[in-house]
Amino acid sequence: MALSIKKELFPQQFSSNIRLLVIDHDINLLNAIQNACYKFHYSVKTCLKVSDALNLLKEKKDSFDLVLIEAKMPDMDSYGFLRYVTQQINIPVIMMCADNRRSVVIKAIDDGACDYWTKPLCETLIQNMWQHVARKLWNKNKNLELSEDEFGMKRQERYDSKLPLIDPKLEGVINTSVKQESVENNNDEPESSTKKARVKWSSELHKKFVNVVMELNVDKAVPKKILARMNEPGLTREHVASHLQKYKQFLKRGETKKQKKQNRIAEAIDTKISNESSEFDFQAYNASIPRVVPNNLTPTSFPQQPNNLIPPVNAVPVNAYQTDSEEETSSSASINQQNCSGFGTNSIINPSFLNALDARYPNVQVQNIFLAWHNPSTNSNDSTSSNGL
DNA sequence: CTCCCTATCT
DNA sequence: AAGATAGGGA
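Counting from 1, one number per residue, gives the positions in the first sequence under this note's numbering.
You may find that some hints are simply not true.
[Stated by the list, open to error] Calculated pairs, DSSO-like style, for lysine-lysine (alpha carbon to alpha carbon, straight line, at most 30 angstroms):
id : residue 1 : residue 2
1  : K136      : K252
2  : K225      : K260
3  : K200      : K246
4  : K260      : K224
5  : K260      : K207
6  : K224      : K200
7  : K252      : K61
8  : K107      : K246
9  : K225      : K248
10 : K224      : K246
11 : K58       : K39
12 : K252      : K224
13 : K257      : K220
14 : K224      : K207
15 : K200      : K72
16 : K60       : K39
17 : K200      : K225
[Claimed, not checked] Here are the computed distance ranges between Cβ atoms for each label pair:
id : residue 1 : residue 2 : range
18 : K225      : P74       : 25 to 31 angstroms
19 : T256      : R102      : 35 to 41 angstroms
20 : T124      : V104      : 20 to 26 angstroms
21 : K39       : E215      : 45 to 51 angstroms
22 : M214      : S16       : 49 to 55 angstroms
23 : N100      : E59       : 31 to 37 angstroms
24 : L251      : Q127      : 45 to 51 angstroms
25 : S63       : K257      : 45 to 51 angstroms
26 : E59       : K39       : 25 to 31 angstroms
27 : T236      : E215      : 39 to 45 angstroms
28 : R253      : V222      : 38 to 44 angstroms
29 : S203      : N100      : 16 to 22 angstroms
Read the hints as simulated data drawn from the structure, not as lab findings.
Built from N, CA and C at the ideal position, the CB exists for glycine as well.
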């Protein structure tokens, strides 16, 4: 079996064929890593700046097998670099940093890092880092073995005969008899090693995307403009267009759910209107706008807000009902004069209150806020119940 | 020809 | 489900 052959070759012969690119602002660390690489027979290139590394990778995409980068670089965002290299060039990237907080590690892994090293580094990390390259080749071969090619020949058979299944640059390690370019394989782009890399929309990347879409008002958010604003190396218009389509579908799903909820609330308000001695009145505010322009909260006529729901000047707000796209969850939080100035059509809700809501219900997206206040025309002193909502 | 949008594919 | 690809049409 092919895999067992490869296993037997690990690690000595393997590491000598691996070309490492190291990026760190600390020249002393670079030297130390370089020495360790010599010791374990890796070939290594060092960079003090992310931009230098980026240029190296761009001018010749398949000249490195593994990248090692410090998470906090002064000249450029290491995470953007990480996403670009792992997604577009498809080279495994190890991130290193003195910061070993869990959240930081998760961020790196989420953005595509194959490993995270906490400084100070241990030499055995360098010694064993070939495993990340090995894993990539392994997985690649596994995938190929499962599919048939255009000749109906199993990949495994092709491997056993003559055609390359792995990076040509490492073929000597695994199979010395192979020549380049498998049949009609794409010669369009040498890429790096593997084929077209799928873009992984990490939470960071998606957040960036959403922000840009929000900034570009309304449906002026078109793929090309989004792409330009995101300024992510390697990301293409097609990538953005595809993601935008999914994102719109997502919004639409939330919209229909929300609509159902809004209808329910409209109903509730209607019943309040019909009941003269109601304890509470309600008014609804669209809270989606402050997510983008957090200066003030512009009330909207939602849902078909009747004029007689504008509260009297001496009304006292008791609760804000926060609803979200999930059908079942609804939360409430106290609101007071510090959070809300004025009522009716000119109400402004303090953005910090929205932030407080976020903190209190981290998993709930604030879509709409419903203010409830005592109706001064009633004598009841009961309060703070969700009251039919 | 470029770009956007939608449907369809993987 | 998430991302890629295809094709119609502006």
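Checked hints:
no.	hint	verdict
1	K136 to K252	violated, 38 angstroms
2	K225 to K260	violated, 33 angstroms
3	K200 to K246	holds, 14 angstroms
4	K260 to K224	violated, 34 angstroms
5	K260 to K207	holds, 27 angstroms
6	K224 to K200	holds, 19 angstroms
7	K252 to K61	violated, 40 angstroms
8	K107 to K246	holds, 23 angstroms
9	K225 to K248	holds, 16 angstroms
10	K224 to K246	holds, 16 angstroms
11	K58 to K39	holds, 28 angstroms
12	K252 to K224	holds, 22 angstroms
13	K257 to K220	holds, 25 angstroms
14	K224 to K207	holds, 18 angstroms
15	K200 to K72	holds, 22 angstroms
16	K60 to K39	holds, 26 angstroms
17	K200 to K225	holds, 20 angstroms
18	K225 to P74: 25 to 31 angstroms	holds, 30 angstroms
19	T256 to R102: 35 to 41 angstroms	holds, 37 angstroms
20	T124 to V104: 20 to 26 angstroms	holds, 22 angstroms
21	K39 to E215: 45 to 51 angstroms	holds, 50 angstroms
22	M214 to S16: 49 to 55 angstroms	holds, 50 angstroms
23	N100 to E59: 31 to 37 angstroms	holds, 34 angstroms
24	L251 to Q127: 45 to 51 angstroms	holds, 49 angstroms
25	S63 to K257: 45 to 51 angstroms	holds, 50 angstroms
26	E59 to K39: 25 to 31 angstroms	holds, 29 angstroms
27	T236 to E215: 39 to 45 angstroms	violated, 20 angstroms
28	R253 to V222: 38 to 44 angstroms	violated, 22 angstroms
29	S203 to N100: 16 to 22 angstroms	holds, 20 angstroms
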